[in-house]
Structure formats: structure tokens, C-alpha cells
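**Student:** With the sequences and hints as input, model every part of the structure.
Going line by line, the protein sequences match chains A and B.
Under my numbering, think of the first position of the first sequence as 118, with each following residue one higher.
Under my numbering, think of the first position of the second sequence as 914, with each following residue one higher.
Hints in this document: simulated from the structure, not taken from any laboratory.
Treat the numbers as computed from the prediction; the structure is a model and nothing was measured.
One thing to keep in mind: the hints can contain errors.
Claimed, not checked - With a straight-line Cα cutoff of 30 Å, these simulated DSBU-like cross-link-like pairs (lysine-lysine) come out:
#1 Lys535(A) <-> Lys982(B)
#2 Lys982(B) <-> Lys499(A)
#3 Lys1098(B) <-> Lys492(A)
#4 Lys310(A) <-> Lys1098(B)
#5 Lys982(B) <-> Lys531(A)
#6 Lys322(A) <-> Lys982(B)
#7 Lys1005(B) <-> Lys531(A)
#8 Lys310(A) <-> Lys982(B)
#9 Lys303(A) <-> Lys1112(B)
#10 Lys303(A) <-> Lys1057(B)
#11 Lys943(B) <-> Lys310(A)
#12 Lys1057(B) <-> Lys310(A)
#13 Lys1057(B) <-> Lys536(A)
#14 Lys499(A) <-> Lys1098(B)
#15 Lys499(A) <-> Lys1005(B)
#16 Lys495(A) <-> Lys1098(B)
#17 Lys268(A) <-> Lys310(A)
#18 Lys536(A) <-> Lys943(B)
#19 Lys1112(B) <-> Lys531(A)
#20 Lys303(A) <-> Lys1005(B)
#21 Lys1005(B) <-> Lys535(A)
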Amino acid sequence: MQPFKPVLLEAIGVPDGHSITSYKSRGGYAPLEATLAGKQPSDVIDMVKASGLRGRGGAGFPTGLKWTFLPKDHPGPIYLCVNADESEPGTFNNRLLMEDDPHQVIEGIILSSYATRATTAYIYLRYEYPKSWHRLQAAIDEAYAAGYLGKNIRGTTFSLDIYLHRGAAAYICGEETGLIESLEGKRAWPRIKPPFPAIEGLFRKPTVVNNIETMACVAQIARRGVDWFKSIGVPADPTNPRDPGSYGPKLYCLSGHVEKPGCYEAPLGITARELIDRFGGGVWKGRAAKAVIPGGISMGLMTESELDTPLDFAGPGRVGCLGLGTAAVVVIDDQTSIVDFLHNSARFFAHESCGQCTPCREGTSWSLRILERIKAGKGRLKDLDILLELGSTMGMMPGSTICGLADGAAWPMKNAIKKFRGEFEDYIKRTNPSGWMVTDPVPALQIVGAH
Amino acid sequence: MPVVIVDGQEIEIGANERLNCIEAARRAGKEIPHYCWHPGLSVVASCRMCLVETGQRDAATGAITMVPKLVPGCQTPVRDGTVIVTESDTVKASRARVEEALLIDHPIDCPICDKAGECLLQDYHFQHGQPERRADLQPFHSRKRDVGPTVTLFVDRCIMCTRCVRFTREVTGTAELMVTSRGAKEEIDVFPGHPLANKLSGNVVDLCPVGALGDKDFLYQQRVWFLKREPNVCGGCSAGCSIHTEHNQDAVYRLKPRENPHVNTWWICDEGRYGWHHLHDQARMLEASRAISSPTHGRTAATTPATESIEWSEVVTKLRDDLKSAGRLAVAVSPMLTVEEAWMLCAVARSIDPEAFLALGFVPTRGADESFPGGFTIRAEKCPNRKGVEEVLALFSAGGRSWNDLVDHVSAGRADAAWVTAAYPTPWIDEAGAAAFSSLAQLVVQDLFDSPLMQLATWRLPAVGFAERSGTWVNVAHHAQSFRQAIRPPAGVWPEGRLFWNMLGRRGLYDVNAVRQQIATSSPSFRALAGELPSTGVDLRLHQIA
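**Tutor:** In C-alpha cells form, the structure reads like this:
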């Protein structure tokens, strides 16, 4: 692979890289001025559509297409919500962008608002990012002072206000309609769809929800052009008309048992092995990887033999994972118990389930309690079947829940048990030698002894 | 007409009807189980019990394309060609899993739960659940807490359908209830110092599909399977809400709203819901009696005539004689009476004194009409049938006389005898108000309770309460509803209708239907009451316009 110069992360290591002067010295805001001076909103939509940019928040939905779902000639207001509730375990790419190059994000937001005719944009920031909070707010203030935000920007009829909203630390607020509910001041219970946010979102008005990194990509596409963006990544599969391809650079968050964890920018389609070896310095302490999470905990697990899978939008799905997700690659070395991993994952999802849909609310909590019992040395082989059943029946995909949180809880469960069933069985047999084979039904109530 | 295919059965729906899968399937006789969906509340699609398979039949080719996953029936609208499958293995397995999930944290304390017997969790478990419990958890708490003056929350029985929460937000607009915590630790609660204390609070108990919300008034009073329910109409105010009176052995235990799109939709107010206790009040008048000595003119309010009890069969003849001999008669027709009773009373009065002064009885009012964001209104007028009695009076005399007109009439000495029908559940007249009636030769008072007016009466007749009468009430919006008595009156008490029927010299048992048909055929204003009325009633004005 040819050497790749970071673009989204070009401000890293630059002194005062987060300031507007530094950003402008790198060519920032010039594309915005050019766009406002000579382009129509539809031109920006066309540009983003042509670039093949897909949402970086996890689902990988084509951004330009999302924008076109907004109703035509809507009297407004139209809202743009920027999802900075980065709470997928293992993910920290947005944080880097917000802390070290906030103007890149803001320029992307302004361009996107111009394209979608939004006049108000909200950044929903997760609570745990105080530095991002300060840097973003400072950058927004700078942008106002420089005339890139506010009324009649650069003498045009286009006006935009950006509000920075700090969440209260709940994973579910990263779900786009949960985010909208939370912004409205309500409990972040994801909404039923339809209507989709593009038709009826924030304050029941048409709304676009995009990720921070997507915004940064929009800024870079405007600066460097569609051809540059399309020259990076994995082209669309010509035999599959439904594959929009995976173009552009991507921030991979590498963590877990690697020598050099960190956030690395690479072209979409780099394999997990290459990422770990080239950027991460290999699995730590000279060990081998047992499993790798391809894109945040909810995407499932890849085994060591699946590490040559390209980490583009289509790749992880081919080895049974949910998808690329947030491209947060977490390495689990061969000394780590998958039982522990799954227990930890189940604990996270049981804690973060919003509790709206029965299958997710009870399923995540039940699976956690089963795993707690297995860890306590009282597991039975039968439990694995229950976990597998829970894993394959809860979620948006089988239709049993409103949002994808349950799919995210289900995937690590079924991946771990399908791909590492032997380890689970060994663990159960070793820790519960007298009871692992029991298949009796469990009495629902305490059995009262004869008196 | 659009056609929907439910389990292979084609049913037609109205061209402009907006139905979801649950409603459409119901038309085909298929019940899709559901907890969180309620027609009167917003759709949240969160219980996931109503998951079904759906598809679309192509109008041109007839080919059916199925959606590759389950969808919630409550959230999915039907249109022409919609295919709903409610009985497939996938659907059944999904229901069984939801039932299993809901029972994981449920205390399963049915033997001590008030809801047992009318609990959806029980019913659905028998219909759709799986026989074996796989969760090795033994959730045996039964925490409860007060959420307001009318309702107790049994926290662990809750299945988080959030119907109650949505009710307080969407219908009452008071938003006392909320969800706290997250995931499986979620609970319904109120904010400290803000109890569930709105005037419709009792409805959350009806909405609760399980035993989580208990009605303090009904809690542990009666097992629901002993209760019999009679379609009835609330007599609490002029809204005339459709209700079910639930009773056992002539004792009312609770009132429940009865769905009626024309009147009360799905709700009733707390005042109506708990407004049945006067029926079983120990202080009720139970005996007919009359003054021993024939009183003379010039009695004062302080002098109470001595009375002796009298058999009802004697009342029928002697009351007529007494009134006839007294002379000029004035009659107050209570708005608590049914149309049939009012009509018969007027007929009786006219037969005694063809010139009898007929007026509307006392109309109790309290405060002002109170409307809620969900459209429900509690009326200030605390009687169910003013409109009906007014229509009846219009048949007998012009002028629309009110209670005040009657008082003036009596005070002016233009009457020698008065017959005041009352049947009010609460005190309604004081001594000053009764004084106007103190100089009459004969005063007949028919009421539920003793009152200053009753003390003056030469004829003291017990009345009956709302659940003890049959007939028709016309509410404030001219909507007429007929109902049968739910419980028998206390021993020895004749409902007003029975007395009037007998005084008219009609034979056999009091036949309320016969009276209603007679009224309907003899007067255009009541033509809508002809024939069998639908359980939701009719609008009296409809036939008048036609």
C-alpha cells in the first residue's frame, strides 16, 4: 500500500492547530467562502452524493442520499443535528477531531447546513468530553467572530446558528432519534419509524442527523474535491448494484492489547491485520490475537483467522459481524477469556438499554444474569443455547425492537458463542463439573419443603 | 373498497379508514395480543407483543411480497392489499419470548393480586406463553408505593407498557407519572411532592394491563371473577358517561368506563368512578311513610308532621286521593329521573290535576365545566338528565319552567300540594330553601336521603340511585342512552318508575321499554328512541332534523 498522508488528522501535532488561524492557514474556510459565493445548496448535495461519502457514525448510510430525503421546498425550519455522543466502547475518533481540529468540523457543519437549508445546527456532545466542550465552544465563538456563523453569512441570505448541547452520558443518546428526544428535553427513548427524522425529527421538523467525522469529511471533500475522495478506499462492487462502495479516509480507533493504541487515519478497506501490525505495532507482549472487535463492541467479533478482512463498510459483514460500525478496532489477545469479554459486553448493554422494548430490556438483563452465573461457576451448557437464542432474536433486524441497540447487544453474544463455543463449553465444564449437564427446567418459585 | 387479507381471510375496510393491523385483524375476528397499544393513546410500539408478519399483495399480479421481518401490528397501518399473518410459527415464537421476558422480573403473585382474573399478562401467558420457565431467577418481591390518593403502584408487577404515563401526559395533561431509571431497573414513579392527583386518575388503573396499578377504593374488596357487569350510565354529571357497573349480590364494587365514541371515549372521571358509595349508605331512606294527621294550612318550617309507614300498594291509591283532595298541584320533575319516569310522572300529575304546574326539579351544579387536553370534560351540572326532562316537560306544558319558578309558584300560594322528586346523592336543600314549602296541604318528597324538605313532607318516599333504575337519560349534548338497572334497590324501595307505572293504573310489571316506545311514537322530539337502541346510544336531534 502506498504511503498515506493523514487529512482528517492533519492538525494533530500542529501547535495551536485547533485555532481558526491555524485552520485557515491549512486552507480551511476557503472552500466555504467559495461555496457561499458561487454555489447553490443543490451543488453541495450533488458534490457529496458524487463523492460516495457514507455516514461515519456506524450505519454507513450514504450522506448525500440522506440529505435528499428532506422534503422539497419545506418552509422550514430544518435542523441539522451533529451526533457527537460518541459512546460506542472503543471509539474516540470524534473526540480527536473536536479537540484538535474543531474548525474542520464546524466548516463541515456550515457546508452541510447550507446544503440542507438548515438554519440551526445542534451539536449533541457526550458529557464525558469536557475538553471537546471547551474547544468546540471556543471554535464556535471564533467562527461567529470571523463571520462564518450568524446572520447573513458572508453577505449572503444564508444564516446559521450552532448550539453546543452537552448530553448526560447515556449510550442511547447516540441513536439518532434518541438523540432528538434528548435534545427536546425528554427521556432518550428512540422513536418509532416512520416518520424518519428527515420528514419529522427535532421539534417535529425535518432533521438531518450526521456524525462529527462525516462533517469533517464534507469539509475535506469541499476542499480537495470529489476525485480526491473517490481515489481513496474501496470502489463499489460492480456486480452488486446495492453496494455504494467505501470511499475516503477513515479514522480507525485502535485499542486493546496492541503495542501502540491510538487513532489512526487510513484509507477505508485496510485489513485488521495490517492496521494492527503497521499502525499498532502488533499485538502486545508478543502475543497472538484471539479475537478482534472490528468497529466497536456492538459489531461482534472477528477471530484471528478472519483478520485479513478489509475494514470497509462491507467487509466485517462478510465474516458474520454486524458491520464496520465506528471502526473502533479492539484487540483481544490469546490470554484473555472470551467469557470475560462477553460478560463485560453484556454488562454494558444491560446498563445502557433504554428499557423501552421488552425484548431488549429483559433480554440484555437476562443475558447478563446468565453470564454472571456462568462466571460464578454455575453455568450449564443449556445456557449457551439460551444466550444464542436471545442473540438471534432481539434487535431491529428480526424486528423485535425499535432501535439498533439490541442488535448491538446481540451481535457480540452470538458471534462470541458461535465462534468460541468450545471455550465457553470448556469454561462451564471446568467451573461447574457437577452441574454443567443439567437441563431441567428451573422452578419459577421457591420450592417450599414439606412441613 | 380496500381489502385487507388477515390470515388468508379477505376483509373489506372503509375507503377512508385509518386502521392499524390490530384493528384490521379484529375485524376479521383475530385478536392480536398487545399491551402498550391503546386506541386512546399515542403509539409507542414498545411491548412488542403485537408483532406480526405483514406483506403486500400486488394489485395487478396478485403476487404477495412479505416483509422479511416481524413488524408491530400497532404501528403498521393497513391499506389495500395488506397481508397480515397472525398465526405463523415465527409470530407465535416471538409472542412466547415476549411473555417469557415479561415474566422474568414479574413477581407472579397472582394469588394476592387484585388483577388476577382480568390480567392480560395471565391471559396472554395461557394463550401464547411457553410452559417452561427458563429463567432461573426468582423475583419474589412485591414492593408497593403510594402514587396518589386513589392509586397504589405495585412496582414489580409493572411491565413498562407506559400506558399510564402517556395517559397523564396526553389525556389529563398533568404528567404526574414518569419512568425512572433505565433498562430492566426501570420503574414508574411520581416526582416527590407531586402525587397522581388529577380528576381522571382512576383511569390509569383501567389502562394498566397487569396488576401494577391498584385502585385503592377497590383493592382487596372483591375477586373480579365474582363480579357481574351491567352496561350502565353514570349519573354523576350531565356528561352521562357510559359505564359498566360491576356488582355482586346487589352490592356495587366498582364502576368502569364503557367505551363510547360519542360520549366519553374510554374514560370516566374519579368523581363518577367513586360516586357510587351513596347507594350503600346506611342513612338512605328505605321506608315510605305519610303524616298521621291531615295537616292544615299554616304549618311552619319548625313543625314536622308525625308520620307512619305505609305499604307501597297503599301509596299507589292513597297518594292520588290525598293530592286530589288537596287541590292545585305543583310537581318538580327531578333531572335525576329517566325520560320514562319523567314522562309517567307528568302523566300522573295531569291525571290528578289537569292544570298541574309542572317544572324541572332542582339542578345541582358545582363549579364550572372542566375540560382536559385529551378532550374529556367534567360537567358542572351534577345531574344526568336535565335535557331529557326538559324535553318531556315541553310535551306537557310550554314555558320551560325551572325549579325557581316552582318555588315562586308555591311561595305565591298558587299551589295547595307539591310533589318534589329529588333522588340527589348529596344534600341539596337547606331549611331556608325548604321554608317555601311549609304551608302546603300536601307535600310529597321522593329522595334518597333525609333533608329539611323531607322533614316538612306529608308523604316521604324513598328514591333509588343511578344503578338501581332503568330507562333513558339524555346528556348535555342531546345524546340519549338507555340502560337497565344493575342492582336491585334496597328491600322495600320501589324505583320511581314502578310507582308511577302503578299510579297510571297500568298492568303487570313496570315495562320501561313499553313506556319508551310509547314516548317515541307519540312525540317527534323522542322519535330517535324508537326500537332497540345501540349500546352507545343515539343523538336525539338526528331524527328531528330528518
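**Student:** With reference to the structure, classify each hint as holding or not holding.
**Tutor:** Structure-based check of all given hints:
{"no.": "1", "hint": "Lys535(A) <-> Lys982(B)", "verdict": "22 Å, holds"}
{"no.": "2", "hint": "Lys982(B) <-> Lys499(A)", "verdict": "27 Å, holds"}
{"no.": "3", "hint": "Lys1098(B) <-> Lys492(A)", "verdict": "22 Å, holds"}
{"no.": "4", "hint": "Lys310(A) <-> Lys1098(B)", "verdict": "26 Å, holds"}
{"no.": "5", "hint": "Lys982(B) <-> Lys531(A)", "verdict": "19 Å, holds"}
{"no.": "6", "hint": "Lys322(A) <-> Lys982(B)", "verdict": "29 Å, holds"}
{"no.": "7", "hint": "Lys1005(B) <-> Lys531(A)", "verdict": "22 Å, holds"}
{"no.": "8", "hint": "Lys310(A) <-> Lys982(B)", "verdict": "15 Å, holds"}
{"no.": "9", "hint": "Lys303(A) <-> Lys1112(B)", "verdict": "25 Å, holds"}
{"no.": "10", "hint": "Lys303(A) <-> Lys1057(B)", "verdict": "26 Å, holds"}
{"no.": "11", "hint": "Lys943(B) <-> Lys310(A)", "verdict": "25 Å, holds"}
{"no.": "12", "hint": "Lys1057(B) <-> Lys310(A)", "verdict": "35 Å, violated"}
{"no.": "13", "hint": "Lys1057(B) <-> Lys536(A)", "verdict": "45 Å, violated"}
{"no.": "14", "hint": "Lys499(A) <-> Lys1098(B)", "verdict": "26 Å, holds"}
{"no.": "15", "hint": "Lys499(A) <-> Lys1005(B)", "verdict": "22 Å, holds"}
{"no.": "16", "hint": "Lys495(A) <-> Lys1098(B)", "verdict": "24 Å, holds"}
{"no.": "17", "hint": "Lys268(A) <-> Lys310(A)", "verdict": "34 Å, violated"}
{"no.": "18", "hint": "Lys536(A) <-> Lys943(B)", "verdict": "42 Å, violated"}
{"no.": "19", "hint": "Lys1112(B) <-> Lys531(A)", "verdict": "50 Å, violated"}
{"no.": "20", "hint": "Lys303(A) <-> Lys1005(B)", "verdict": "34 Å, violated"}
{"no.": "21", "hint": "Lys1005(B) <-> Lys535(A)", "verdict": "25 Å, holds"}
The structure fails hints 12, 13, 17, 18, 19, 20 (numbered hints given earlier, in ascending order).
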